[in-house]
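Chains as they are written, first to last, in the numbering used here: chain A, 29 to 320; chain B, 18 to 274; chain C, 45 to 361.
Think of the hints as simulated: they come from the structure by calculation, not from any bench. There could be a bad hint or two in this list.
As the list claims (entries may be wrong) - The calculated label-pair distances, taken between Cβ atoms and stated as ranges, are:
1) C/LEU286 x A/PHE32: 49 to 55 Å
2) B/LEU145 x C/ALA104: 49 to 55 Å
3) A/SER288 x C/GLY107: 28 to 34 Å
4) C/GLY169 x A/SER289: 27 to 33 Å
5) B/GLN103 x C/PHE220: 23 to 29 Å
6) B/PRO137 x C/ARG346: 43 to 49 Å
7) B/GLN126 x A/GLY302: 38 to 44 Å
8) B/LYS144 x A/TYR291: 56 to 62 Å
9) C/GLY169 x B/LEU145: 51 to 57 Å
10) C/TYR49 x A/PRO159: 36 to 42 Å
11) B/ARG253 x C/THR323: 56 to 62 Å
12) C/THR323 x B/GLY57: 48 to 54 Å
13) C/GLN51 x B/ASN128: 34 to 40 Å
Here the structure is a predicted model, which means the values were calculated and not measured. We put the beta carbon where it would ideally sit given N, CA and C, even for glycine.
As a plain string of letters, each chain reads:
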Amino acid sequence: MTQFFQQVINGLSIGSVYALMAVGYSLVYSIMNFSNFAHGGVIMLGAYFGFFSLTLLHLPFLAAFLLASIGTTILAIVVERIAYKPLRERKAPFLYFIISAMGASILLENIVIATIGPTFRTYPEVFARTPISIGPLAIGRLDLLMFVISAVCLTALILFIEKTKMGKAIQAAAYNIKACALMGINTDKVILIVFGLGGFLAGVAGVFFGMKYTVYPQIGNITTKSFIAAVFGGLGSLPGAVLGSVILGILETFVAGYLSSQYRDLIAFVILIGVLIIRPSGIMGKNTEDKA
Amino acid sequence: MAAILEISNLTKRFGGLAAVNDVSFSVPEGAIVGLIGPNGAGKTTIFNLITGVYSVTSGDVKFQGQSIVGLPPFKIADRGITRTFQNIRLFKNLTVFENVLTACHMSAQYNLAETILRLPRFRKEEKLLYEKAENLLSIMGLTERRDLVANNLPYGMQRRLEIVRALALDPKLLLLDEPAAGMNPDETEHLMNLIGQIRKDFKLSVLVIEHHMDLIMGVCEHIVVLNFGLKLAEGRPEDVANNPKVVEAYLGATEEA
Amino acid sequence: MDWTYIQGILMLAGINLISVLGLSLLTGFTGLFSFGHAGFMAIGAYIGALMTVSPSTTPAGLGLPFFVGIIAGGAAAGIVSYFIGRITLSLKGDYFCIATLGFGEATRLLLNNVQIFGGSRGWPGVPYKSTLPVIVLVDVVAVLFLANLIKSRHGRNMIAVREEELAAQVSGIDVFKYKMTALIISAVYAGVAGVFFGHYMTFIQPKMFSMTKSTELTIIVIFGGLGSISGSVLGAVLLTALPEILRAFEIWRLVFYGAAVILIMISRPKGLMGGMELTPSGIRKAQLERKARLEARAEARRLNGLEDGSADEGRGA
Chain A
29 MTQFFQQVIN GLSIGSVYAL MAVGYSLVYS IMNFSNFAHG GVIMLGAYFG
79 FFSLTLLHLP FLAAFLLASI GTTILAIVVE RIAYKPLRER KAPFLYFIIS
129 AMGASILLEN IVIATIGPTF RTYPEVFART PISIGPLAIG RLDLLMFVIS
179 AVCLTALILF IEKTKMGKAI QAAAYNIKAC ALMGINTDKV ILIVFGLGGF
229 LAGVAGVFFG MKYTVYPQIG NITTKSFIAA VFGGLGSLPG AVLGSVILGI
279 LETFVAGYLS SQYRDLIAFV ILIGVLIIRP SGIMGKNTED KA
Chain B
18 MAAILEISNL TKRFGGLAAV NDVSFSVPEG AIVGLIGPNG AGKTTIFNLI
68 TGVYSVTSGD VKFQGQSIVG LPPFKIADRG ITRTFQNIRL FKNLTVFENV
118 LTACHMSAQY NLAETILRLP RFRKEEKLLY EKAENLLSIM GLTERRDLVA
168 NNLPYGMQRR LEIVRALALD PKLLLLDEPA AGMNPDETEH LMNLIGQIRK
218 DFKLSVLVIE HHMDLIMGVC EHIVVLNFGL KLAEGRPEDV ANNPKVVEAY
268 LGATEEA
Chain C
45 MDWTYIQGIL MLAGINLISV LGLSLLTGFT GLFSFGHAGF MAIGAYIGAL
95 MTVSPSTTPA GLGLPFFVGI IAGGAAAGIV SYFIGRITLS LKGDYFCIAT
145 LGFGEATRLL LNNVQIFGGS RGWPGVPYKS TLPVIVLVDV VAVLFLANLI
195 KSRHGRNMIA VREEELAAQV SGIDVFKYKM TALIISAVYA GVAGVFFGHY
245 MTFIQPKMFS MTKSTELTII VIFGGLGSIS GSVLGAVLLT ALPEILRAFE
295 IWRLVFYGAA VILIMISRPK GLMGGMELTP SGIRKAQLER KARLEARAEA
345 RRLNGLEDGS ADEGRGA
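Pulled out of the complex, with its shape left as it was, chain A reads as follows:
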């Protein structure tokens, strides 16, 4: 039983980081209806920004965090301007966006390989490895921080979307972006904000991911799992992305804990295929019917 709860806690902590990444996929999908595969590259660079802020600039932890997130915010917006904006202006089909995203992802990954190098890098130890004990349960300090900060970020995001005027504009754009443009909402600005928000959270997630594991140029491929979590929860739905991520995180930890860590990565894709068979729109996704 102790082990069970232990796994749930570990799953929650990794799941919350997935959630930070997944909302980035989902936000973009809700407005622009395509899967932004360049997001993985942005997360990867977030991990590098954080790493160098700590090792080269010797910044304190929170400052490193902030710097990484600001870096990824700018990066995500730059990607949008270069790789997607021309397509938006031409009203290109969603496929071109996906290919352009793939191109951006290849570009980001290989710029890092070419400049920083392909080697694995390990974050300096910011937190003591000794876990905090609550009764029989041991919670890693990093895990706890991951969970708390992720929860704070996600709550802030949801408050922003629910309470602010810009948030309302984002909701409206997700509902119908063409109508929004006609109503005088500056959709270009909405898209900019959406990429900025996704980018900011990608920075937070990247730093955590790097601290939890290691930093290397192909991290982006692993972040595909958070994309699957977004599909699982229902692409385009923020609560869905969070829920999907937490479930995926817990399932993964269980598979690794009870079966074999070899199958940990596989489970995500099994879930993906399962979801697509049973309920393609995901747990909380909107169901659309084709009109003739």
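Keeping the supplied structure of chain A fixed, place chains B and C upon it in accordance with the hints.
This is chains B and C only, laid out in the frame that chain A set:
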């Protein structure tokens, strides 16, 4: 005359809303029947139900005496019902000729293996398909535009091409969804004659949705009026035109139109 | 640059071409986008190797002739694609895409765990059987089959599905069947390509068949131009050779590659050939189409005011 299409107690619900509610009517063999009603009356929904694009909630659609409810659209087309769309749906990047040639596919039987090896049956039947498509284009006066990409056709011609594409399937029943939409009076009159001509030349029955009253009154022998998913009236054009319920429904609709 | 080196590039291009041709049918002609075709290549490579590897190197190997490997690899990919199709082909556009991505990655991760094939460490000892003449022969046959298919009612039905699915359905086209046919053929092509790839490298490893590989194939099809066989051929040769030519720049070549992909998407999305074919009949068709367009435009101008001017609009994307 026997009915080629019999619709009985047809109902379609989207959630709680009944888009088509307990509608019954039939299309006699060889007739041109008009389906009219204000916007949102459920006309196109009926087309979608007949052609299998939407699933039927309850009721029955019989074609040549057999129920076609539950069949997928391509099988219904195979039985002999084809249609055009309100918002033209051509194979946009293909030429006029290719659009028609594609739709001729049911006149050939050759299989995949015969295709990739170019066996005699493939070549023989393919030649027939080409002849058939050319022939249809010339009957319908589109030969001059045969190499034009469908997207570049003038609007009226696009509508006509859609009809030709439907005819390529040798249908027994043709469903036309607002064929005169966006046409000027000249073109509309031309279309009216064309519909009559098609019925005669291709020996088929026609069910047409239209807002142009001239066209409906001029070409249909029988008219069915829908309003809010219900059948309001049906009968000969002159009877329907004088029906007070119909006049009322239309006066309400003309203001918003 | 010596002949062996050039030959190597040509062989890789020829192998890529086989799977690109298949993907061209699925993506360019039927309008379905896959990010999992490396998965079919992997199935082909592993099943093919299973047939040909001598039992003395790997206990599972059957030591059968190469052609058995080619058939088995292609067939295995085809069979798997049938089941994938059953599950995913009724899904709408982007979800099919996501599902294929999931399939491709799942295949790779599964192979990582199959210990008889060496798991993630890879499987050495695959016999070197892929020779340039055989590859070229298979390419020619693959192009001919595809060209015949496209110029038939079956091919036209697939194109109709790409152009306007609903209109295809009511025109009596069994959309699901044609999507399935295109998927199976493309998977068989990818499987065969995988067999040749394995017997060229003589060593196969799951990570050779990652999502990056799938993306690369799709990029080649788009680069060449959707709906053009000659475009796919040009694309496969150019884009396989390009990274090799750029090899002098070593680490920067994939940076250029990524940048090139974005550049193509934002500047020339129709690809090199833009749906045209570089064959006598293809060129004639393009000329006729151009002539018809000019005539229609001239006529519209003559009737200015009488006819609406939609003929004046260019061929929209």
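Against the structure, the hints come out as follows:
no.: 1; hint: C/LEU286 x A/PHE32: 49 to 55 Å; in the structure: holds (53 Å)
no.: 2; hint: B/LEU145 x C/ALA104: 49 to 55 Å; in the structure: holds (52 Å)
no.: 3; hint: A/SER288 x C/GLY107: 28 to 34 Å; in the structure: holds (32 Å)
no.: 4; hint: C/GLY169 x A/SER289: 27 to 33 Å; in the structure: holds (28 Å)
no.: 5; hint: B/GLN103 x C/PHE220: 23 to 29 Å; in the structure: holds (25 Å)
no.: 6; hint: B/PRO137 x C/ARG346: 43 to 49 Å; in the structure: holds (47 Å)
no.: 7; hint: B/GLN126 x A/GLY302: 38 to 44 Å; in the structure: holds (40 Å)
no.: 8; hint: B/LYS144 x A/TYR291: 56 to 62 Å; in the structure: holds (57 Å)
no.: 9; hint: C/GLY169 x B/LEU145: 51 to 57 Å; in the structure: holds (55 Å)
no.: 10; hint: C/TYR49 x A/PRO159: 36 to 42 Å; in the structure: violated (56 Å)
no.: 11; hint: B/ARG253 x C/THR323: 56 to 62 Å; in the structure: holds (58 Å)
no.: 12; hint: C/THR323 x B/GLY57: 48 to 54 Å; in the structure: holds (50 Å)
no.: 13; hint: C/GLN51 x B/ASN128: 34 to 40 Å; in the structure: holds (39 Å)
Going through the hint list in order, the structure does not satisfy hint 10, though it satisfies all others.
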